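Going by the numbering used here, the sequence shown opens with residue 1, and the numbers climb by one from there.
Simulated from the structure, these hints should not be mistaken for lab results. Be careful, since some hints might not be right.
[Unchecked claim] Mimicking SDA-like on lysine to any residue, the simulated pairs with C-alpha atoms at most 25 Å apart in a straight line are:
(1) Lys246 - Leu163
(2) Lys221 - Gly242
(3) Lys246 - Phe145
(4) Lys201 - Thr271
(5) Lys201 - Leu186
(6) Lys246 - Met149
(7) Lys201 - Gly216
(8) Lys201 - Asp73
(9) Lys201 - Phe48
(10) Lys60 - Leu317
(11) Lys221 - Gly95
(12) Lys221 - Ser301
Remember, it's a predicted structure, so these values are computed and weren't measured experimentally.
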Amino acid sequence: MSEFDKNELEKTRATEERTSGINMHAFWKWCMSFASKHQGVIVLVVIFILAVIFSPVSRKGHLIFLMPGNLTDLLRSMAPVAVVGLAMTLVIITGGIDLSVGSTVALTGVIVAMLLQWWSPGFSIPVHISIAILLTLLAGAFVGFLQGMIIANFGIQPFIVTLAGMIGLRGLSRWIVNNERVGLGLGDDVSGRFGEWFSSKEFMLGAFLLAALIFGILLHKTVFGRYVRAVGGNTQASRYAGLPIKRIQVTVYTLIGMMAGVAGILLAARTTTGDPNTGIGMELDVISVAAIGGTNLAGGSGTIPGTVIGALIVGILTNILGLNNVDFNIQRVIMAVIILLAVASQQKTRKA
Numbered sequence: 001m002s003e004f005d006k007n008e009l010e011k012t013r014a015t016e017e018r019t020s021g022i023n024m025h026a027f028w029k030w031c032m033s034f035a036s037k038h039q040g041v042i043v044l045v046v047i048f049i050l051a052v053i054f055s056p057v058s059r060k061g062h063l064i065f066l067m068p069g070n071l072t073d074l075l076r077s078m079a080p081v082a083v084v085g086l087a088m089t090l091v092i093i094t095g096g097i098d099l100s101v102g103s104t105v106a107l108t109g110v111i112v113a114m115l116l117q118w119w120s121p122g123f124s125i126p127v128h129i130s131i132a133i134l135l136t137l138l139a140g141a142f143v144g145f146l147q148g149m150i151i152a153n154f155g156i157q158p159f160i161v162t163l164a165g166m167i168g169l170r171g172l173s174r175w176i177v178n179n180e181r182v183g184l185g186l187g188d189d190v191s192g193r194f195g196e197w198f199s200s201k202e203f204m205l206g207a208f209l210l211a212a213l214i215f216g217i218l219l220h221k222t223v224f225g226r227y228v229r230a231v232g233g234n235t236q237a238s239r240y241a242g243l244p245i246k247r248i249q250v251t252v253y254t255l256i257g258m259m260a261g262v263a264g265i266l267l268a269a270r271t272t273t274g275d276p277n278t279g280i281g282m283e284l285d286v287i288s289v290a291a292i293g294g295t296n297l298a299g300g301s302g303t304i305p306g307t308v309i310g311a312l313i314v315g316i317l318t319n320i321l322g323l324n325n326v327d328f329n330i331q332r333v334i335m336a337v338i339i340l341l342a343v344a345s346q347q348k349t350r351k352a
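Please take these sequences and the hints and turn them into a complete structure.
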C-alpha cells in the first residue's frame with residue numbers, strides 16, 4: 001500500500017470516528033429530550049410494569065392486578081380524585097391552590113344525600129334526582145365562587161382563604177347533620193335508584209373521561225385557557241395587558257367547587273351515604289395528581305393530559321400497595337416521596 005493510500009485510510013477512519021461520536025452525542029441528546037418531554041408517560045409505564053411484577057397471584061395463578069375486575073375498580077376508585085384534579089390544574093396554573101376541596105366534597109355529599117333522602121317534592125324519580133344533582137353542583141360552585149371572590153377582591157393568599165374554607169366547610173358539614181351519616185337506600189326509591197345509576201364503574205369512568213375532554217378543550221383550545229396560563233406565568237404583565245385577572249381567578253375557583261360537587265355526588269353514590277367526614281386529606285391527593293402530572297406548583301404551566309397521567313399513576317400505585325396490604329400510613333409516606341421527586345424533576349427540567 002502506498003503512502004498516499006495510507007494517509008487516505010487514516011483520514012477516512014478519523015472521519016468515521018468523528019461521525020460516530022457526533023451520532024452518539026445526537027442520539028443521547030434526543031433520548032434526553034424525549035425523556036424530558038414525555039417523562040409522565042415514562043413514569044406511568046414504569047409504575048405499571050412494577051405493579052405487574054409485584055402483583056399478588058390468585059389461587060388460579062392469575063395476576064390479581066391485571067384482572068379486569070381489579071383494573072375497572074382502579075379506574076372507579078380514582079375517578080372522584082381525578083375529576084377534582086382536572087380543575088385543580090387550572091387553579092394551580094393561575095398561581096393558586098385550593099385546600100378546601102376535601103371539605104367541599106363532604107358538604108356536597110351530605111347535601112345530595114339530604115335532598116334525596118329527606119326531601120319529597122312529589123316529582124318523578126328521574127326529575128327528583130336531576131334536581132338534587134343540579135342543586136348540589138350549584139352549592140359546590142357557590143363555595144368556589146365565594147372563595148374566588150375573596151381571593152380576587154381582597155388580595156388574601158389562596159392558601160389562607162382555602163385553609164379557612166377547609167376548616168369552616170368541614171364544621172358546617174358536620175353541623176347540618178349533627179355529625180351523623182345520611183344513609184341512602186338500596187331499593188327502588190329515589191336514593192336507591194340514585195346509587196344504582198351513579199355508582200356503576202361505567203358511569204364513573206365516563207364522568208371522568210367527559211370531564212377530562214371538557215377541561216382539555218377549555219385549557220388548550222380556548223382564549224380562556226390562554227388567559228389562565230398568562231395569569232399564572234406573569235400576573236403583572238397580564239394586568240398591564242388588560243386581561244380580566246379577577247374574573248379568571250373567580251372562574252377557576254368556581255369550577256373547582258363545582259367539580260368537588262361532582263366528586264361528592266360520585267362518592268355518595270358509591271358509598272350509599274352522605275358522610276360529613278369523607279374527603280379528609282383528599283386535597284393532598286388532588287394536588288398530588290396535578291403535581292405528578294407535571295403541573296408547575298409555582299403556576300404558569302400544566303396540561304390536562306398530564307393530570308390524567310398523574311391520576312393513573314396515583315391510582316395504580318394506590319391499588320398495588322393496597323393489594324400487597326401495605327399499611328395506609330406507609331402509602332402516604334410513599335406518596336409524599338413521589339411528590340417531592342415530581343417537583344424536583346420539574347425544577348431540573350426548567351433549569352435545563
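Do the hints match the structure? See the list:
1. Lys246 - Leu163: holds (20 Å)
2. Lys221 - Gly242: Roughly 21 Å between the alpha carbons, so the hint for Lys221 and Gly242 holds.
3. Lys246 - Phe145: Roughly 11 Å separates the two Cα atoms, so the pair holds.
4. Lys201 - Thr271: Status holds; Cα separation ~13 Å.
5. Lys201 - Leu186: holds (17 Å)
6. Lys246 - Met149: Between Lys246 and Met149 the Cα gap is close to 8 Å, so the pair holds against 25 Å.
7. Lys201 - Gly216: Judged against 25 Å, a Cα distance of about 22 Å means the pair holds.
8. Lys201 - Asp73: It holds: about 7 Å lies between the C-alpha atoms, which stays within 25 Å.
9. Lys201 - Phe48: holds (21 Å)
10. Lys60 - Leu317: holds (24 Å)
11. Lys221 - Gly95: holds (20 Å)
12. Lys221 - Ser301: It holds: about 15 Å lies between the C-alpha atoms, which stays within 25 Å.
Checked against the numbered hints above, the structure breaks none of them.
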